[in-house]
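K.L.:
Each chain, letter by letter, is given below.
There are 2 protein chains.
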Amino acid sequence: MVRKKSMKAKKSEVLKTLQNLGKTIYGQLLAGEFPWVEMPSRSTRNIRYDRELRQYVLGDKRIRRVSRNIRHIRPFTQLIWLADVAHQLIEMGKTSTLRDIYYMAQAYDVDFSDQSESDDIITDLETLISYAREDFNIFPEERSAIYGDLTIEYTVPRYEGKRINLTIHPDGVMIGPALATSDFIDTSADIVLCIEKGAMFTRLIEEEAYKKFNAILIHTAGQPPRATRHLIRRLNEELNLPVYIFCDADPWGMHIAQVIISGSANAAHLKELTTPDAKWAGVWASDIIEFKLPSERLNELDLKRLKELERDPRYAEGIWQREIHVFNRIQKKAEQEAFSRYGLTKIVDDYLPKRLDEMKSY
Amino acid sequence: MVRKKSMKAKKSEVLKTLQNLGKTIYGQLLAGEFPWVEMPSRSTRNIRYDRELRQYVLGDKRIRRVSRNIRHIRPFTQLIWLADVAHQLIEMGKTSTLRDIYYMAQAYDVDFSDQSESDDIITDLETLISYAREDFNIFPEERSAIYGDLTIEYTVPRYEGKRINLTIHPDGVMIGPALATSDFIDTSADIVLCIEKGAMFTRLIEEEAYKKFNAILIHTAGQPPRATRHLIRRLNEELNLPVYIFCDADPWGMHIAQVIISGSANAAHLKELTTPDAKWAGVWASDIIEFKLPSERLNELDLKRLKELERDPRYAEGIWQREIHVFNRIQKKAEQEAFSRYGLTKIVDDYLPKRLDEMKSY
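These protein sequence lines are chains W and V, in that order.
Numbering (the numbering used here) for the first sequence: 3 to 364.
Numbering (the numbering used here) for the second sequence: 3 to 364.
Next up, chain W with everything else stripped away, as it sits in the complex (with noise of 0.2 Å):
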């Protein structure tokens, strides 16, 4: 297992970063100076996708903030402000997410017209410094599950240094911010298998296949919140495991195991959040003709958006291109659920075995 640096590390690492912002300013004060800020810009012209690192990334294009300005003020000091709660919220060891941070910025008297601008000085402050929101204690509502052989170590106040295996609750354990911040401290596991209906989730251990594959079973619930995602990645990244990604036959499924392999263009400041070596493992286009699943024709909706994918850069390969052909031509899409037209133990019996083995030379 590659230990990187605990999550206890990194928080400490985020709290010194938000101080030493905080010396800057507090520098350019006393030099006399009208405090400012330099980031990269975040312009969509500055927003390109990179193909080594396989996810969106921001450009050499910067930007700056000077409170000489008078149309910087406000972002400015809308900035600082959520530096400063930051930090609160770190040394107080507690949460918070996009909306309280709108509510909270009211007590201060500091003015965000709506919760758009408050987020968008949220996403300010991750670029300003290259952090995620999540490690500063900005989390996203809960709404993805895990289970599987993994035991973690929690890095929370009251739950310090606790331990749990994530096969202790059969229907799963929700991936909020004590799991997000949590050190993994062993696992039996090969792969993990990211699962974006909670039915199939459910389906999958009751079948036992966490034990038949040796896999972590993540709950996405639909596109997973950015904790998940980051999540994820360090399954991937500090213990070496294989991620495949099963979602339902359409348009919106592919772009869910799209969405964790390579993120999306508006996190491009960031680089914690993707996957690149995730495999969407299915449900493909071509196993409603190879399964002959039960299927639904696609409508406009899903149409209008598989012309979309067609054209990201993202989709411009292999696979991708493969399949989005083959949507084309049935005009067909299938849900997970639609092994059981072949009995419940179908998908965990026949399907993910031979994929599974498949994905290996993919």
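Source of the hints: derived by calculation from the structure; they are not laboratory data.
Be aware that a few hints might be false.
To be verified - Covered stretches of chain W, as calculated for chain V (at least 3 residues, CB under 8 Å): (1) 139-145; (2) 177-188; (3) 246-256; (4) 268-274.
Unchecked claim - Going by beta-carbon spacing under 7 Å, a handful of chain W positions derived as facing chain V: (5) P37; (6) E40; (7) L346.
Stated by the list, open to error - Cut-off 20 Å, straight-line C-alpha distance, at most; resulting in silico cross-link-like pairs (SDA-like, lysine to any residue): (8) W:K273 with W:V16; (9) W:K294 with V:K213; (10) V:K213 with W:E162.
As the structure is a computational prediction, the values presented were derived from the model and not from experiment.
C-beta: ideal position from N, C-alpha, C; glycine also.
Given chain W, put chain V in place with the hints provided.
P.N.:
Only chain V this time, still in chain W's reference frame:
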């Protein structure tokens, strides 16, 4: 603690009921009769609100489904097939979903034109045998979570007899088939707090609200799935714990509370999905005024919904009428997170203690 029957005993009751249904059909066949079943009618004219039971119930009208009648053969066959599947599911200790059942039917050449038809037959089986579909192992997709000092004992295969305490994981554990069918062993809790939003659930765990109020916390994730509503009822009934429900201050949040308390018209044939003694404890429309909460204007959809609730018999009295009146007057709504305006701990330090104290006299 009122230990009703164990969840395992209940399963064998359901199994026996299904077997008796089978025997009845066989008996009819052996007697040379066209087989038939009889059950309460679920037509809207046979649904009424029962003020004693504080939920919708079915009236006395009954219907027969007779296989001699050519129009009945299809739903009759579907129903008997489903009863067989339900029997298999329980015997094998497997769970399934509404969607799974729809797909499984195709393997048996049992024809459902779409999922709404198979869902309908599942409701027929509930009506016929007077058990909820969760009792015959057809579960909703997991979504809710739970946290607090409650020790449970599993009844599902492989985990049977194992116990965990629901403080084991600080992000909460999922409420799925395993938790929903577990027996309650021990608790030090005095109350149950149901919370609409994941952010508030996380907040209350972080602020140790579960200790401060001796509470079991349930994250309903919006309108809770039926398995969660049933779990809430069991916490109330078996452990004698008062249940308090906290939602956003808007017509939708109010209705989440209402459905937990008194159920919905389309589950009028079932008695174990409601918690009539549960209380809607906030966030009220009047809290928006009292706590000067950041708020937004009710939009057209909200106002339309409010009008509907005003005419709903479940809203005919007391606090419901009072708060509908306030909503109409102030035309505003607020989220649970709005308390963050006064800092992250306001809701735990001031609002909840005050409210829970007031609730004793409601």
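K.L.:
Now tell me if each hint is right for this structure.
P.N.:
Verification of the hints:
1. With 4 residues having a beta carbon nearer than 8 Å to a beta carbon of chain V, the stretch 139-145 of chain W meets the requirement of three or more and the stated coverage holds.
2. Counting residues of the stretch 177-188 of chain W whose beta carbon lies closer than 8 Å to any beta carbon of chain V gives 5, which meets the minimum of three for the stated coverage.
3. Here's how the stretch 246-256 of chain W fares: 0 of its residues keep a CB closer than 8 Å to some CB of chain V, so the rule of at least three is not met and the hint is violated.
4. With 0 residues having a beta carbon nearer than 8 Å to a beta carbon of chain V, the stretch 268-274 of chain W misses the requirement of three or more and the stated coverage is violated.
5. Given the 7 Å rule on beta carbons, the hint for W:P37 is violated: about 27 Å separates it from the nearest Cβ of chain V.
6. Look at W:E40: its Cβ only gets to about 31 Å from chain V, farther than 7 Å, so that hint breaks.
7. The restraint placing W:L346 at the interface with chain V holds, with a minimum CB-CB distance near 6 Å, inside the 7 Å limit.
8. Annotation: proposed proximity of W:K273 to W:V16 holds, straight-line Cα distance about 15 Å (limit 20 Å).
9. Under the criterion of a C-alpha separation no larger than 20 Å, the hint pairing W:K294 with V:K213 is inconsistent with the structure, at around 53 Å.
10. Of the supplied pair hints, the one linking V:K213 and W:E162 holds, its CA atoms being roughly 18 Å apart against a limit of 20 Å.
Consistency note: the structure conflicts with the earlier hints numbered 3, 4, 5, 6, 9.
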